[in-house]
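K.L.:
Here's the letter readout for the chains.
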Amino acid sequence: MSSAEPGPARAIGERAPLGSPSGEGESRHPSLGISLLVSELSVIYRRPRTWALLAALAAVPILIAVAVRLTDDGPQPGRGPPFLDSITNNGLFVGFTALVVCIPLFLPLTVGVVAGDTIAGEAGHGTLRYLLIVPAGRVRLLLVKYVGAAIFCLSATLTIVLAGTVIGFALFPLGDVTLLSGDTIGPGESTLRLLLVAGYVTVSLLGLSAVGLFISTLTDVPVGAMAATIVIAVASQVVGALPQLAWLHPWLLSNHWLGFGDLLRQPISWDSFGANALLQLGYIALFGALAYGRFTTKDVLS
Amino acid sequence: MVRSSLRWMPAVLVPLVIGTGVVVAGASPVVTLEEKTPEQVLALVAASDVRSFSGTIQQTSRLGLPEFPSTDSGSDSTTDSVASALELITGAHEARVFVDGPQRARVQITENLAERDVIRSGSEVWTYDSEAKEATHLTLPDKTAAHDSPAWTPGEIAARALAAVTPSTEVSLDPASRVAGRSTYELVLTPRTEDTLVGSVTIAVDSESGMPLAASVHARGESAPAFRVAFTAIDLAAPAARLFAFTPPAEATVKEESVPDAALPGTLDARDLRSAVPPFGVSGSDWSTVVELPSGSAPPELLASPLFASLATPVDGGKLLGSALLNVLVTDDGRVFAGAVPLNVLQDAAANR
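Those protein sequence lines, which keep their order, are chains A and B.
As numbered in the working numbering, residues 26 to 327 make up the first sequence, in order.
As numbered in the working numbering, residues -9 to 343 make up the second sequence, in order.
Mixed in with the good hints, there may be bad ones.
What the hints assert, rightly or not - From chain A, some residues computed to sit far from chain B (all C-beta separations above 10 Å):
#1 Y155
#2 P247
#3 V263
#4 V264
To be verified - Coverage of chain A stretches by chain B, computed from C-beta distances (three or more under 8 Å per stretch; other residues unrestricted):
#5 60 to 72
#6 109 to 119
If you are wondering where the hints come from, they were derived from the structure by calculation, not from laboratory data.
Cβ coordinates follow ideal geometry from the N, Cα and C atoms, glycine included.
Based on the provided sequences and hints, a complete structural model is requested.
P.N.:
If you want it as structure tokens, here you go:
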């Protein structure tokens, strides 16, 4: 908020009398928040674990593309994951297929590892209290941890799309993409659609990140928080597969996870994008509030 | 202590806000419209000249039939085709519809990561199935080219229901409502006879354009509609022309099919039906009409299929295929009686013949 304020407003804030908590807070928030985020991101992306997760995700499209390339007669329409049979005609479909394959388990798994580690990891290492020596730093730390996890979601999705596109170009021809409606679009628009799908999948994972953040504030054992987050993602999909619980389905975290097909129609349909964003926003608000309640009242001893 | 409980306030408030939002959004909206008589609403419908629109239609059925998983069990094709027909009339379906005048239309039945399309532009008709990657091309005979193609929009269903408005039916208006974000008059048709399964038919008519936006059929004694077709979104502007110019994708299998002049789905009316199917008898009238097919008209392999055995219940004089809105009685001697009527009416019709 204050980072967007023009110069004069900030000057007033800086001239506020010493000891005024509001004036002091306003002038200190932006710099601290951003430097904290930068250090959080460098912690995430310097871990070998993060790169191992991203490498595992990148391996999925590569595996799919090589397997399709090595078989002689190619996949049959209507069998295997959606879009699998389109790969031989167009390398761009490797990314789509890999996203469909990854979203039920692999992506929630990696997001669970990162989001579950956010607070519990620091507590487990005994570094949490050093992060909290700044007064009123807990809310900011929570926000920075969440933004860090959200950025990881984006990088995980983009890794799949990028690896899929590169291996697709290497092994298969590049041509027009056939949409679900049967219309064809050129490579330029199909790249745009692929990025839209990546954005959709990223948004789908934001709610799970918030759940992971909350669970992470509950415990000092990061592995427990990671496992619990992943279990919730899987349980949500199990419940989603039971027709007897249909009344519950609109409220499930995973309800719209495979809804990105709407972005592959002609004309494009934004219905499920909006519904998904609203649902994930609800999860972020609820579990963000729970994490705030828990983390700001927690005794940090380690 | 007070401070720490304050910090849990957001966690209490957020579910409250979400819950309130859901309740407010789900509450039936209060719509005030100019008072109209049922006759004026019917005139509004008749005067409607909406020729172009694009929208999303949702169809839900609660016919009391079992839900079938739409997986191919590898059994014989008769059972498969029956199962896929049942799949269409059970559960919920969503379609996007684009119409530009009577000659150009496109219907997209949307599923998760799949879609089935029917595109019509003049006498050219294409169908496309994204899962099978199959496209079919039809050329309509000239004499049918003037027919309107979308045969299952709310407008078509409403027109059929309105045509049935005779002394047999009581027409009234429910309080105004809202469909697809537009205010609507709610026309209610209630059969006067007791000998029908239909409790009432409700048609939501757009208060501005007179276009029917929703049609639902209630079974007798049920509060939730047994069958409902409704727009969830609608735009009365003409859709983009490129939607109707379909070129099958290169990797799709393309089938060419010709249409015999006589039997064309969508243009069949009662007279065509009579020439297309074995002679059938009709008894009763209006809501309690019973259609009788002579012995041997039902395919024997269908009657012998395990699917039929699992759906049909044995009753006096034959087997009953029952649902909330339609009963079909297959008598022991092979005749078929069908109608939106209770079982005893079908049995009477069978006994009187």
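K.L.:
None of the hints should be skipped; say for each whether it holds.
P.N.:
Structure-based check of each hint:
no. : hint       : result
1   : Y155       : holds, 22 Å
2   : P247       : holds, 23 Å
3   : V263       : holds, 17 Å
4   : V264       : holds, 17 Å
5   : 60 to 72   : violated (count 0)
6   : 109 to 119 : holds (count 3)
Hint compliance for this structure: hint 5 is the single one not met.
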